[in-house]
Amino acid sequence: MSDVSNNKGNGKENNSCQCFSRGFPVNAKIIETIDETNTRKRTLLFDRSFENMSPGNFCMLWIRGVDEIPLGCSYENGVTFQTVGSATNALFELKVGDSVGLRGPFGNPFTLPKSGEKALIIAGGIGAAPLAPLAEKSKEIGADVTIILGARSEADMIFEERFSKTGNVLLTTDDGTKGRKGFVTDVLAEQDLTKFDKIYVCGPEMMMKFVMKILIEKDALSKAEFSMERYFKCGIGVCGACCMDTLGVRVCKDGPVFKAEMLVDSEFGKYHRDASGKRIPY
Amino acid sequence: MSDVSNNKGNGKENNSCQCFSRGFPVNAKIIETIDETNTRKRTLLFDRSFENMSPGNFCMLWIRGVDEIPLGCSYENGVTFQTVGSATNALFELKVGDSVGLRGPFGNPFTLPKSGEKALIIAGGIGAAPLAPLAEKSKEIGADVTIILGARSEADMIFEERFSKTGNVLLTTDDGTKGRKGFVTDVLAEQDLTKFDKIYVCGPEMMMKFVMKILIEKDALSKAEFSMERYFKCGIGVCGACCMDTLGVRVCKDGPVFKAEMLVDSEFGKYHRDASGKRIPY
Amino acid sequence: MVYLAAGVPLKNPTILAAGVLGTTGASMARMIQNGAGGVVTKSIGPIPVYGHANPSMITLAADGGKGQVYGYLNAMGLPNPSYDAFRQEIDFVKSKEKVHAPVIASIFGGDVKDFVAVAEGLIPSKPDAFELNVSCPHAKGYGADIGSQPCQVEEITAAVKNAVGIPVWVKLTPNVANIKEIGLAAQAGGADAVVAINTVRGMAIDIHSGWPVLGNRSGGLSGPAVKPVAVKCVYDLYDTLEIPVIGVGGISCWEDMVEMMMAGASAVQIGSAVYANDNIFADVWAGVQQFMKENGFAFDELIGMAHRRK
Amino acid sequence: MVYLAAGVPLKNPTILAAGVLGTTGASMARMIQNGAGGVVTKSIGPIPVYGHANPSMITLAADGGKGQVYGYLNAMGLPNPSYDAFRQEIDFVKSKEKVHAPVIASIFGGDVKDFVAVAEGLIPSKPDAFELNVSCPHAKGYGADIGSQPCQVEEITAAVKNAVGIPVWVKLTPNVANIKEIGLAAQAGGADAVVAINTVRGMAIDIHSGWPVLGNRSGGLSGPAVKPVAVKCVYDLYDTLEIPVIGVGGISCWEDMVEMMMAGASAVQIGSAVYANDNIFADVWAGVQQFMKENGFAFDELIGMAHRRK
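Protein chains in written order, with this note's numbering: chain A, 11 to 292; chain B, 11 to 292; chain C, 560 to 869; chain D, 560 to 869.
Be a bit skeptical, because a hint or two may be false.
What the hints assert, rightly or not - Not close to chain D: a few residues of chain B, all C-beta gaps over 10 Å, as computed:
no.: 1; residue: ASN48
no.: 2; residue: LYS191
no.: 3; residue: SER286
To be verified - Subject to a maximum C-alpha distance of 30 Å in a straight line, what follows is the list of computed BS3-like cross-link-like pairs (lysine-lysine):
no.: 4; chain 1: A; residue 1: LYS124; chain 2: A; residue 2: LYS149
no.: 5; chain 1: C; residue 1: LYS869; chain 2: B; residue 2: LYS39
no.: 6; chain 1: A; residue 1: LYS269; chain 2: C; residue 2: LYS653
Hints in this document: simulated from the structure, not taken from any laboratory.
Because the structure is a prediction, the values reported are computed rather than measured.
Glycine included, each C-beta is placed from N, C-alpha and C at the ideal position.
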């Protein structure tokens, strides 16, 4: 991924003909890499910040010569990913000084809590990435933040420290190596949800499916927003590859953050579509 | 020239995709026609004004199905022309309610006099068209305006009344049917040009050539601006059809108004080019 | 009122173009709810295709990138789940009473056999018409590779017409020396209409790395930038053909639709413009209706008006 | 440093494109003073031509017309005074010591005989090269009518090469199914370079009257809108040909020139962009030089870089 240009004078470059709106990749150089775990979960910080990024936004990150993938913005100038395929593995090979193409921020972000409101953040695994800036922003606003942070095991848990600076963190791991043994749903089941004004969820779809079940049981669904993931092609709301049944909403533009109520009776938790558009059951 | 649309809501139309900047014709409906003489010299007033027109600007007027021609802006919302060929003859056939396509205002305008300055305007025939708004603007600014208004005969003279409202008008006709018998140069020759701060000239090129001769003799050339005419094709400074030797300046964009000194040692008064680019001597 | 375009009774003459929000029945139904008078599906082929690597679509904007988007480059690579898996998507739209509007199935293949197989494979879902994609500019052996050869266009059109009992439209590529030849071939093959245009071959290179931006290296240009190209193609086809021309290419406001109709379009398709406006169909059609009302036009009067200005 | 483009020693690799400010020697000299590394004349033919009726050029702008101009439509109709009357214009440029830069004479004709007659007719003025216009999209029997036929392109190129002792460039039309074929024909005919692209066929209609806006009804699209088309053509030609490719089409800032070079251009031509900026040549070349300096590139390294990203 050789980067043949330096970014001296971003300002100038942003006025240039090749900074073609947010739909054209701009050049971003990696200035720092942070291994969040020893299990190939890594944060990349860039030499430029996203323009007015809101928690919940994502960007399209182009690993030149390989692929372009959507990643949630975990920092004003950074993304956090885990290696799951060829693109993320190639991304993992990049070093400080290498560069990528970036488009974004894109998508519908989380609805921020108001000052004094009580926010519950439910994060599973890498799903914590877009939720960490939400927790920080919420605290900054003056909301009271509680986080349920879950992972497979201690080695998979990210952003515990970031979250702990923003509010009360309830930890849980499947294997009990960190915090309580079990799933975020076990912790959630014990909460009095009536005291929360807003609930934010991001994690594996199966986890979110069971979270939704509890929220429905506890009559708290109307307070909740879920961040979804689907296969993206264009990333800008035109091609339709990421549309969800049965409302036909685009995860890349109408989402990725949806009011939980919009996901009831949808394909959520049942199936998703692959790159060909074929439905793949969970 | 059937006009199939009405201009209700120009505002809206100006926001529309077809109002493609000043380089794309907008629809203008004729709301009034004024015969300035009985010799086919006519003013057309439109249902829309030129955007920030300055005296000396011209517009490209499209007679649909016929041709598009440059005409000096004689009013905020009008042009004045004489019939000289197929396009102007077709234009002469248009009635109130008909419409044309308009682009502009284009070109380099006259440098306005300052308040208290003394301005001499020298107009020959239809050349008075762009000078009338200049005289009015100059008076409005608070300049002291003198006009030498010449024509072949009384029947060819336009805007005498408009000029007379702005300052002292010296009339001259070749045949003596109005004002002094002779040429504008005869009147000019008798003026003490040292008392004028600015001199503006527009008329037939042969007239302007002799005016320039006198201005040089009286060492007043540096105060003078001439409005030129050449064959226009694109009208927007790209094609080069209207370029003048030897500086290669474009009459449609660098002109039509030039500092008189720029015209010394040019093709001015010697030759012009026809639509093919062939040089035609005067 | 029903607008009959080449045998297809449209709710209104604005149609969702192929390849845009046409992968799922739900998204097509949503566009109908948002005002589309008909929808064309994503192009469907004989076997599942996963498409090109991303980036698969980028925007081009005026004013150094800060201005309004004037064009798009895309190279999706004809991703589709094959006709077997896609039938349920058409069935979904058809099952929605409240949003019923014609569904035109866009199909592609590498040869006559493919096209016929896909058409027959989709027939059980009762599409209202087929649109033959012989114009995709970035799929080796498909699309424009076929669509630039009159004989193949005629043969494929005739075979599909012969195999199915519903209208067949043929979508044409502008990337030919003479689009009239291709249109005549489609007409000779029995096409009920031609659709013009598909995207214009194009490419963008990232100067910071030297890499072509699209995963497929090059792709197809759409958006306002290609509207003058589309208007010219529609104008030429209207001059030459007896069958209707459906106009597509860069329409992003009602004025664009009026212009396309004056060039000769009986109906229009809108695609990339959904980028800026989900309600583009309703907005465009409302604007055209008001224009007709203000100027006392019948709809049919607008079609090909430019040809009568001589 | 001298940039040698296909046998022509340029002051710098930005060249004034044909048909723009090339009617008079004085305007060409002015563009050289403003930074052009070479100039191409208006296309010259065997007899005087007065061109199409106006409007002959209009702008298209983004953001509902209030934004930056992203395209131009023109149909001049090859106005020219014939080679006899035009020699003095070339002589004028050549006579200016202070502004000397190569003058490439663009010529057109209806057949081989025409092209040879015009070329030989201009030789006394010592042009530095000829550019064969076999690509004008709106002149019946000329330009693209010839330029879409490989055999004619090869024959005309060979005949002119044989008649004159100076470099011959061939300007190609993008309005063909496969521009490589035409490029190969030019190369087979002995062309020293190909120039890509001429304008893209296009049309605009005035919705208020139904009239096509251009006096010629349709014309050629230029400006940023066609840059992706030009980049693709240059990329394909660089892949296929051994002779240099000169890139033209929509270049309006230094980034565009870098992109065109990465696609494979050895030099570029700039035309419509003079609309917004008289100093476009100096500005573009200064920007490219700074880009090369900041990134440590040799000029030749940029040429075709995209082909080496695999």
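To see whether the hints hold, each was checked on the structure:
1. ASN48: Correct as stated: the minimum Cβ-Cβ distance to chain D is 29 Å, above 10 Å.
2. LYS191: Nearest chain D Cβ is 39 Å from LYS191(B), so the label holds.
3. SER286: violated (4 Å)
4. LYS124(A) with LYS149(A): With a Cα-Cα distance of about 10 Å, the restraint between LYS124(A) and LYS149(A) holds, given a limit of 30 Å.
5. LYS869(C) with LYS39(B): holds (21 Å)
6. LYS269(A) with LYS653(C): It holds: about 28 Å lies between the C-alpha atoms, which stays within 30 Å.
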